[in-house]
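Asks: Residue numbers (our numbering), protein chains in the order written: chain U, 1 to 270; chain D, 1 to 270; chain H, 1 to 341; chain L, 1 to 341; chain F, 1 to 324; chain V, 1 to 324.
Derived from the structure by calculation, the hints contain no laboratory data. Among the clues, some could well be false.
[Stated by the list, open to error] DSS-like, lysine-lysine: derived pairs with alpha carbons at most 25 Å apart:
hint : chain 1 : residue 1 : chain 2 : residue 2
1    : F       : LYS186    : V       : LYS186
2    : L       : LYS253    : U       : LYS77
3    : F       : LYS35     : V       : LYS72
4    : F       : LYS5      : L       : LYS221
5    : D       : LYS163    : D       : LYS222
6    : F       : LYS5      : H       : LYS37
7    : V       : LYS186    : L       : LYS282
[As the list claims (entries may be wrong)] Some chain F residues close to chain V (C-beta under 10 Å, calculated; not the full set):
hint : residue
8    : LYS5
9    : SER15
10   : LYS16
11   : GLY19
12   : GLY29
13   : HIS31
14   : ALA44
15   : VAL52
16   : ARG57
17   : ASN150
18   : MET187
19   : LYS240
20   : TYR271
21   : VAL322
All C-beta atoms, glycine included, are put in the ideal place defined by N, C-alpha and C.
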Amino acid sequence: MDNIYLPKLVKVLDVRKHTQIEWSFLLDYKVEEESGRFVMVSLPYAGEIPVSISGFDSHGIELTIRNVGQVTSRFFKLNTEDILYVRGPYGNSFPLEKFQDEHLLIIAGGSALAAVKPVIERYINGHSSMLRRLDVLAGFKSPKHILFREDIKRWKNSRISDKCIDIEITVDSDEDYAWMGSIGFVVNFIKNVKDIGEDTRAIVIGPPLMMKNSVRELLAYKVKEENIWLSFERHMKCGVGKCGHCRIRDKYVCIDGPIFNYTEAKELID
Amino acid sequence: MDNIYLPKLVKVLDVRKHTQIEWSFLLDYKVEEESGRFVMVSLPYAGEIPVSISGFDSHGIELTIRNVGQVTSRFFKLNTEDILYVRGPYGNSFPLEKFQDEHLLIIAGGSALAAVKPVIERYINGHSSMLRRLDVLAGFKSPKHILFREDIKRWKNSRISDKCIDIEITVDSDEDYAWMGSIGFVVNFIKNVKDIGEDTRAIVIGPPLMMKNSVRELLAYKVKEENIWLSFERHMKCGVGKCGHCRIRDKYVCIDGPIFNYTEAKELID
Amino acid sequence: MADKSKMTRFSSEQGNTIFNILSRHYIIIAPVEKPGKGRFSDTSQVLYEQVDSFDEIEFFKKTHLSAKSVLLPLRQTMFSFRDNKPEEIDDEIRPMIIFLRSCDIHAIKVLDAHFLNGGGYTDFYYSRLRQKVKLFLIECEKPFENCFCVSFQTNKTDDWAAFMRKVKDGYEVHVRDEELKAYFPRNAENVAGPRFVEQDSCPIKIPQDIDASIFEDDIWKEYTLRCIACGRCTVVCPTCSCFSVQDILPEDKSAGERKRLWASCMVKKFSILAGNHDFRIKEGDRLRYRMLHKIYDFRKRQGFNMCVGCGRCDDVCPEYISMFKCVEKINHIIEAHSING
Amino acid sequence: MADKSKMTRFSSEQGNTIFNILSRHYIIIAPVEKPGKGRFSDTSQVLYEQVDSFDEIEFFKKTHLSAKSVLLPLRQTMFSFRDNKPEEIDDEIRPMIIFLRSCDIHAIKVLDAHFLNGGGYTDFYYSRLRQKVKLFLIECEKPFENCFCVSFQTNKTDDWAAFMRKVKDGYEVHVRDEELKAYFPRNAENVAGPRFVEQDSCPIKIPQDIDASIFEDDIWKEYTLRCIACGRCTVVCPTCSCFSVQDILPEDKSAGERKRLWASCMVKKFSILAGNHDFRIKEGDRLRYRMLHKIYDFRKRQGFNMCVGCGRCDDVCPEYISMFKCVEKINHIIEAHSING
Amino acid sequence: MYNTKKIIKNAFRISKVRGETAIRLRIPGGHLEVKYLDVIKDLAQRFGNGTVHLTTRQGYEIPGVKLSDIEKVREFMRKMIYEIEKSSNVILEEPEKGYPSAGTRNVSACIGNRVCQFSNSDTTLLAQKLEAAIYPNNYHLKVAVTGCPNDCIKAHMNDIGIIAGVLPEYDKEACILCEACLDNCKMRVTSALRIENYRIVRDEDYCIKCGECILKCPTQAAYRGKLLYRIIIGGRTGKKNPRMAGTFIEDASEEVVLAVCKNVYSFISRYIDPKPPKELIGYIIDRAGFDTFVHEVIKGITLNPEAKLAKKLDNPGYFYPVRK
Amino acid sequence: MYNTKKIIKNAFRISKVRGETAIRLRIPGGHLEVKYLDVIKDLAQRFGNGTVHLTTRQGYEIPGVKLSDIEKVREFMRKMIYEIEKSSNVILEEPEKGYPSAGTRNVSACIGNRVCQFSNSDTTLLAQKLEAAIYPNNYHLKVAVTGCPNDCIKAHMNDIGIIAGVLPEYDKEACILCEACLDNCKMRVTSALRIENYRIVRDEDYCIKCGECILKCPTQAAYRGKLLYRIIIGGRTGKKNPRMAGTFIEDASEEVVLAVCKNVYSFISRYIDPKPPKELIGYIIDRAGFDTFVHEVIKGITLNPEAKLAKKLDNPGYFYPVRK
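If we strip away everything but chain U, and leave its shape as in the complex, we get (with noise of 0.2 Å):
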């Protein structure tokens, strides 16, 4: 019998600091790409966490990581050619099948951006061919909560080459007064995507609030509920359906997840 719940060991092959608090690890673990999984990262005593998984590459799998816990302070700590223990991917992953030559708008708020960013990735790679039209809507906190510069600015001037690609970067506010682009929380920036409307497909993730605030917007502009995806994040234990942490009603968020299509999130209360 094979035990879900043992690790295996796995290389760091790079690390790539966005924040303070947000790291990306390339990972020496390969996986098939499938954008919205996650996977269960831990280290001796440090205990262990559901990751989404950021980015696949031919080397292996980038997690990014906010180091606001006990465990993730731990991985803050390691190097390239460090040892983390993993397992998975689990969960479910986006629903690609029904974006296609569709109009997809993505809302992310602050790091639940890692999580669509393969989605992103994806599209930006090869959009004419998949997409009628990509939106993205990332909102953060502050400048300096701002992750995946780079990858942005690489989104943002793949823009010029496509005009049905938009990125759009919000931040809640800047107290520094060193941000030029959009003020302001995402939700309020969904008037602007174009051609809105009911057979617009859309991504939400991010916290609660904004993802409640967000469906409720998306909603307003008749965006069908069966077109909306969201993605959960909750507190998991096991990431197999046995810890019972992330149960919400009868679905378990680890392998019932953690992406859910609206009509199914409507009624996962808490």
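The hints should help you fit chains D, H, L, F and V onto chain U, whose structure is shown.
Replies: Same frame as chain U, but now just chains D, H, L, F and V:
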């Protein structure tokens, strides 16, 4: 109506100091010579006390006072010519008629000698005509407590001229080894008294225990109860049988005493 | 005994008029019940006080303190020391009427014997007051608790200036004193004269002779364990009359006064000499001293008993020591002694 | 159902012999009453423990904790970090016999469904233990307080290796499991097979469908005022199986271990994310979450109810919050909603 | 099954025995007409285990009562609790529901001057007046009245303790200088008396108004003056800082006592930390400060002229050491 | 008339009402079978004024009884007092004479673990054992037993207070780290618990053995170990120096508690000042010294291994200022 409580103002004629705390005051207060009686002496705010008359003189009376209380301490500030409040004399006197031509034994303890001093003086001054024999046994606590040293010397000297007088002065103890005379309680010297017997007349005066023991010894020497007289000292506030303090059974020491024949005294249990 | 035909009856309202006139000439002192004046909280007390109407008088309850304080004040000035010379204070002494029960009238006889004649000396201060006092008898319909006046033959008296009884809506009075007659209406009615208690609830046998053997008995040791020497028995006793003398400077620092204050043989220092020799230290001995005075020693001197059987000592003793029980015990001892000895 | 003719009876003494042999091959775990082991002083508690004789077993009282701790230990080592490499610990797992009532056997079916197949993953640790367990049925002559197994159809079961009943001076047993038959005598007697409770004292109506409207009801606010989030209901529940994971260095500082520990959705931090966002803070919401899982959410996923009606949550709640009452309230809400809405 | 919080608020206890409660009866001031003993006996025999516990706050606790019998119990004791409270002028509006609150505990009192010679007041009566002033109330408050500084009721361990005292008046002309008061005050109290110029002088700085001098005086030269109360606050036991109540107001009148006790509730309601189930007033004062307490509690009260407010609060006690 | 000292020794009170007494009944540990309520009611109705007072020491006081009825009262209550004392294993040799002594007061106890969830012991039972150990005795001693450091019985105001505690045992393997014990200990007690390496560590220096962690633990990983008592001494109110009892022995066994209480009497008898009517043990210790007290009281006692003797006695309280 006479107010028995109103004192007279009396002048101090002379002050004679026997010991640190025992002085005699000669007062300009002329009364009949009746040995054994007392006067009520007071000063404003000091209070009033009964004091035995320790000497009768052509000028007045002598009071010998021990400085032991609130009242007496005030007297010890008096000088010649100062005024004292006096009323009395009160109480009965020694039944001198009963001693006529008899053997008289006077046993005195401490300052009580003062009360019996007039009796001694009377016989010292004219013995042969009045008594068969006079024995004086006077005891003091220690040599430095001896009162009336000059008088005693005079009494002792009178012995030389009159073989029927015997004066024995004892001290209870002599810590300073300064005393050349007898040492011991007076009661122990009764056995030395010559010709003691049932017809001996005895006056016993002094502290209660000394009186009790002396009487026991006298009775052992067959002295008849009716030939023993005691002088009582009691707390007195009026001197005239009203205040109640000196009452013993149906007797008031102030008016029925202070001198009691032993036949009567033995019934007087406090 | 009072003649029925000499009784007078008047209403409460008439009484007010009578009182007003009477009180111009006499201070009227009688039992009064004072709420809140008891020793313990929320208790009353029946006291002797100057009254302002007959209706104020409490006719039916025994007083806590006796009336002796009228004749022998708790603190009485003897004389002042103005200019260091003893000088009597010439307070005008107003005539007084005191309402008393038979036993308390007998108690005044005890005080009279002691202060007026005792030992050949007359007490100036007592005498001065006593001359001004007229006694109004009040009756006891039945004995109070702890009373044994019948045993002491103090239940009846003829020694009164007037007799007064409270009845429904008014008073019945019989005035004997000629001076007083003028103040009261003369409406001879057929009402009963003073009724006296004829039977003690617990008669007490007064021992005839007490010899010194009683002093050695263990009962006094028992009393030493019980008595707390508080002196209340002597304070309330109508015949206890011991006093101390103190020279006191008044608060205004004017001439000092020699005063006499009640003293009590039950209380510390009563018999203490300067130099601290005390003749009665044990409580039992003090109690014996007091008790024998009341029932024997006084009689031996004066021919009649000091105790008048009012029972106030028993009423007041916080330790419930009983005169009655004590006399009973003394009788037992005497009896046992006369049989065995 | 058990066939009467297959029953076996043996005495207490015989039982000792049987037990001794049986226990060479099986750890035998059964209800035991332990005096002094209650939460409150001088109270006892009925627990699941390894026993050393049949006579030790408490057949007639409901256990406080269920037997789930046998299959899902409170703290269970997952693997060690020897040389920093995750490594399963190869403890030999001995075959076990657990004595269970019908409801508790049903509870194991719930755990099986969750751990053996749930979501397509098999729980290694549960499975490893579960394989070694044989279930001995004990019967309930009548429902215990707070039981409602009939309502949840867990009152009866056929899923047991053996059935044992305590009778006067001995035991009656019916062994079905072939392996076990060898250990027991074969003296077929005409005794009754397991009796099952046929009627709940308070039957509970299990709601068929629960929509999101229930979430808004005020009853959860009421429960917030009552529930103290102590977690005892989940601890004693035979089907609650949530766990946390911790890496623990043993006291001897040898290789650390990753362990799983029971967790409870009623207790703080259960649903908290790093960064302190919690999805259920109010006690009433936690209670709702637990309650609906038991009677609805699990069923929706697995096809049968999670709650087995053992009533332990009601037995243990210090606030006397009742599953029964709560379901009753839910039914009312649903009813009202279906009428009005 | 049962709403424990409501049950507790109804003054029933949650017993350690599952499914059982204990009936708690208030006896304000501790004095009870014995006719109620029949009801109490019946309660214990019908619903309980045939025993009663006499509590240290002078109530009854009847143990072993089934929670399922609570309705029957309420009905059974309805009349009694109504009458007992009514005798303190507290009208229970729904006596059939039991006591309306349990936070404010039975106001207890020493035996008081109905029996005790030392007591300066009818403590039971004052306890009943206090009951009328402060009950029902959900805030946890323990009030006790004691008749003299002997404090037999242990008012010092209550949130509010009321110690009855008496101002001893003195009639010099009735004093015979027996020194009974003096000796007693020296031996048993604070030696507040001395003799000066043949009269007794009472030193107000030392006199604790126990009234013993009045009790001892054979002539009643010392006699009862005003009844004055010392109000002490903040006494308690517990697992953090057992401490004795400290003086808040000295020589208060009965009116002030009643008004202060009422006002204490507005202080509590304004400053209590709602988190712990029942923050005791001592802890609230610790947080809010004594000055705030004084300000809040004497608001609107005209103090009697003798009354003296403490400048600071002294609650002697100890802290169990707390790990930091 | 009446020998008050004997009457008082017989546990009757001398009332402020002349000629009256009050019957005082001992209820060791405060628990009473209600069948006695009939007798108490009869006593109050036949001999008293129809009321009873529930005392703070958990006895009954029946006021308004004529001293002259005392013999009848004794006969009337003979059987009851015999039986009640017998239930504490105290055999009254002459129950017809009433209680043989009154100095040692009713041993009182909080409701204890017969009802209360917090109580670590059956306080009534221990009170009854103590009654058997120390009653009758003429020395004035107040002993109270409380089930936990909450001290509802106010043991801190007794001459001897017994505070029941429990040594919490801990089964790490049953601990699910819910932190209920930790949070509670921090909020309500002394924060004696901490987490170290995923287990609860109890700091013996801070733990007051209240047992709350056991009550809070959902899995009973914290469970009841040894029952240990804290013996505190010298608490009292009064007119000189109200003060709280201080710790004498921590973590004593029941045997030690009983032995210590017995030995306290030999200390009292050796060191009491016979002059004041009833010198309390605190004052005796003040005079004799704590070391002498310890020496005398632990004489002949083998302390249980956990027991810790205090090095000094701390009695927090205050002194009424005494005029010098």
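Asks: Now tell me if each hint is right for this structure.
Replies: Evaluated hints:
1. Our distance criterion of 25 Å between C-alpha atoms is broken by LYS186/F and LYS186/V, whose separation comes to about 47 Å.
2. Distance check on the hinted pair: LYS253/L and LYS77/U sit about 23 Å apart at the alpha-carbon level, within 25 Å; holds.
3. A hinted pair counts as satisfied when its Cα atoms are at most 25 Å apart, and LYS35/F with LYS72/V qualifies at roughly 22 Å.
4. With a C-alpha separation of about 14 Å, the suggested pairing of LYS5/F with LYS221/L holds against the 25 Å cut-off.
5. At most 25 Å may separate the alpha-carbon atoms for a hinted pair to count; LYS163/D and LYS222/D meet this at roughly 24 Å.
6. For the suggested pair LYS5/F and LYS37/H, the alpha carbons sit about 51 Å apart, so the restraint of at most 25 Å is broken.
7. The straight-line distance between the Cα atoms of LYS186/V and LYS282/L is roughly 21 Å, inside the 25 Å bound, and the hint therefore holds.
8. Given the 10 Å rule on beta carbons, the hint for LYS5/F is violated: about 15 Å separates it from the nearest Cβ of chain V.
9. Because the closest C-beta pair between SER15/F and chain V is about 5 Å apart, less than 10 Å, the hint holds.
10. The interface hint given for LYS16/F is met, as the beta carbon of that residue sits about 4 Å from the closest beta carbon of chain V, less than 10 Å.
11. Proximity of GLY19/F to chain V is violated relative to the hint, the smallest CB-CB distance being about 13 Å (cut-off 10 Å).
12. Interface restraint check: GLY29/F against chain V, minimum CB-CB distance 9 Å, threshold 10 Å, status holds.
13. The beta carbon of HIS31/F comes within 5 Å of a beta carbon in chain V, closer than 10 Å, and the hint placing it at the interface holds.
14. Taken as an interface hint, ALA44/F checks out: its beta carbon lies about 4 Å from the nearest beta carbon of chain V, inside 10 Å.
15. A hinted interface residue such as VAL52/F counts as satisfied when its beta carbon comes closer than 10 Å to some beta carbon of chain V; here the least separation is about 5 Å, so the hint holds.
16. Given hint, ARG57/F at the interface with chain V, holds; its Cβ is 8 Å from that chain's nearest Cβ, closer than 10 Å.
17. Given the 10 Å rule on beta carbons, the hint for ASN150/F holds: about 6 Å separates it from the nearest Cβ of chain V.
18. For MET187/F, the interface hint holds, since its Cβ comes within 10 Å of a Cβ in chain V; the closest pair sits about 6 Å apart.
19. Hint status for LYS240/F relative to chain V: holds, with the closest Cβ pair at about 7 Å, below 10 Å.
20. Below 10 Å, beta-carbon pairs count as interface contacts, and TYR271/F has none with chain V, the closest being about 18 Å; its hint is therefore violated.
21. Taken as an interface hint, VAL322/F checks out: its beta carbon lies about 5 Å from the nearest beta carbon of chain V, inside 10 Å.
Hint check: violations occur at hints 1, 6, 8, 11 and 20; the rest are consistent with the structure.
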